[in-house]
Amino acid sequence: MQIKVDASAIRQTSFYEYSIRFLFGRLMTAAAGLTAKEYGPGIGGLFLTFPAIFPASATLIEKHETQKKENEGLAGEDRGRKAVAVEAVGSALGSIGLLAFALLVWKFLPGHGPWTVLAAATLAWLRVSVVLWEVRKFT
Amino acid sequence: MSQILVRFLIGGMVVSAFAILADMLKPKSFAGLFGAAPSVALATPGSHRRQRRSPVCRARGALHDSGSHRIFCVRLPGESIMTRYRLKSVLVALCSIPLWAGMAFAVWTVCLN
Numbered sequence: 000m001q002i003k004v005d006a007s008a009i010r011q012t013s014f015y016e017y018s019i020r021f022l023f024g025r026l027m028t029a030a031a032g033l034t035a036k037e038y039g040p041g042i043g044g045l046f047l048t049f050p051a052i053f054p055a056s057a058t059l060i061e062k063h064e065t066q067k068k069e070n071e072g073l074a075g076e077d078r079g080r081k082a083v084a085v086e087a088v089g090s091a092l093g094s095i096g097l098l099a100f101a102l103l104v105w106k107f108l109p110g111h112g113p114w115t116v117l118a119a120a121t122l123a124w125l126r127v128s129v130v131l132w133e134v135r136k137f138t
Numbered sequence: 000m001s002q003i004l005v006r007f008l009i010g011g012m013v014v015s016a017f018a019i020l021a022d023m024l025k026p027k028s029f030a031g032l033f034g035a036a037p038s039v040a041l042a043t044p045g046s047h048r049r050q051r052r053s054p055v056c057r058a059r060g061a062l063h064d065s066g067s068h069r070i071f072c073v074r075l076p077g078e079s080i081m082t083r084y085r086l087k088s089v090l091v092a093l094c095s096i097p098l099w100a101g102m103a104f105a106v107w108t109v110c111l112n
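Chains as they are written, first to last, in numbering that gives the first Met the number 0: chain A, 0 to 138; chain B, 0 to 112.
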């Protein structure tokens, strides 16, 4: 299974659907900030890993996959659900990668610049997630 | 207040950027990795400059939050429940969020409080 980038997939998503994601992301980031301000950074930190992308993406994938099958004259509901389930497996692996992200930020942020640490932590998240995905692919 | 507004804008952009990237990637199991991108965490570096200690506390919170409970409470149940009981993804995703929040607070209370 090769990793591919398909730019045409962007056109399948409408402006309205992008707006929903944009608004959801905005709200969650602001909510994390307000929570940290009100209840302290410990509680605020919990919201830094809020599943902001997956819920919105899951509903869109289900809708697109179902529509695709229905356009071919087939019942697409099962296909839509299965596509979301497959993506959920990837998100579970990405969540393990988040552990590496938070560990690096926790250990290195006090002594280093925030941008450097965040960039390194993001790379660590990506690396750990991809390695786990590769391992799962071969098992 | 201005800091919250900046987060409001940057948060939307970061979440949308990861979501668009996930849309373009194939196979979908690989694209799913980006569904768990540290989007909210990346949208908050502005506050790191102002409060030197707080990001460490936040990272500790995130650390306790980002582990296995999130995987077992949001992702994997979502996957198995959806396929087994044929439920809509929006319903499963919405029900998983309180589960995630409950577990996050439970782990935080036990480990940090």
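Treat the hints with care, as some may be off.
In the DSSO-like style, the derived pairs of lysine-lysine whose C-alpha atoms are separated by at most 27 Å in a straight line are [claimed, not checked]:
| hint | chain 1 | residue 1 | chain 2 | residue 2 |
| --- | --- | --- | --- | --- |
| 1 | B | Lys27 | A | Lys3 |
| 2 | B | Lys87 | A | Lys81 |
| 3 | B | Lys27 | A | Lys136 |
| 4 | B | Lys25 | A | Lys81 |
| 5 | A | Lys67 | A | Lys81 |
| 6 | B | Lys87 | A | Lys36 |
| 7 | B | Lys25 | B | Lys87 |
| 8 | B | Lys87 | B | Lys27 |
| 9 | B | Lys25 | A | Lys36 |
| 10 | B | Lys25 | A | Lys136 |
| 11 | A | Lys67 | B | Lys87 |
| 12 | A | Lys3 | A | Lys106 |
| 13 | A | Lys62 | B | Lys25 |
| 14 | B | Lys27 | A | Lys62 |
| 15 | B | Lys87 | A | Lys106 |
| 16 | B | Lys27 | A | Lys67 |
| 17 | A | Lys68 | B | Lys27 |
| 18 | B | Lys27 | A | Lys36 |
| 19 | A | Lys68 | A | Lys106 |
| 20 | A | Lys81 | B | Lys27 |
Read the hints as simulated data drawn from the structure, not as lab findings. Source: prediction; values computed, not measured.
Here is how each hint holds up against the structure:
no.	hint	result
1	Lys27/B - Lys3/A	10 Å, holds
2	Lys87/B - Lys81/A	11 Å, holds
3	Lys27/B - Lys136/A	12 Å, holds
4	Lys25/B - Lys81/A	15 Å, holds
5	Lys67/A - Lys81/A	14 Å, holds
6	Lys87/B - Lys36/A	35 Å, violated
7	Lys25/B - Lys87/B	23 Å, holds
8	Lys87/B - Lys27/B	18 Å, holds
9	Lys25/B - Lys36/A	39 Å, violated
10	Lys25/B - Lys136/A	14 Å, holds
11	Lys67/A - Lys87/B	17 Å, holds
12	Lys3/A - Lys106/A	34 Å, violated
13	Lys62/A - Lys25/B	17 Å, holds
14	Lys27/B - Lys62/A	15 Å, holds
15	Lys87/B - Lys106/A	40 Å, violated
16	Lys27/B - Lys67/A	15 Å, holds
17	Lys68/A - Lys27/B	17 Å, holds
18	Lys27/B - Lys36/A	37 Å, violated
19	Lys68/A - Lys106/A	48 Å, violated
20	Lys81/A - Lys27/B	11 Å, holds
Checked against the numbered hints above, the structure violates hints 6, 9, 12, 15, 18, 19; every other hint is satisfied.
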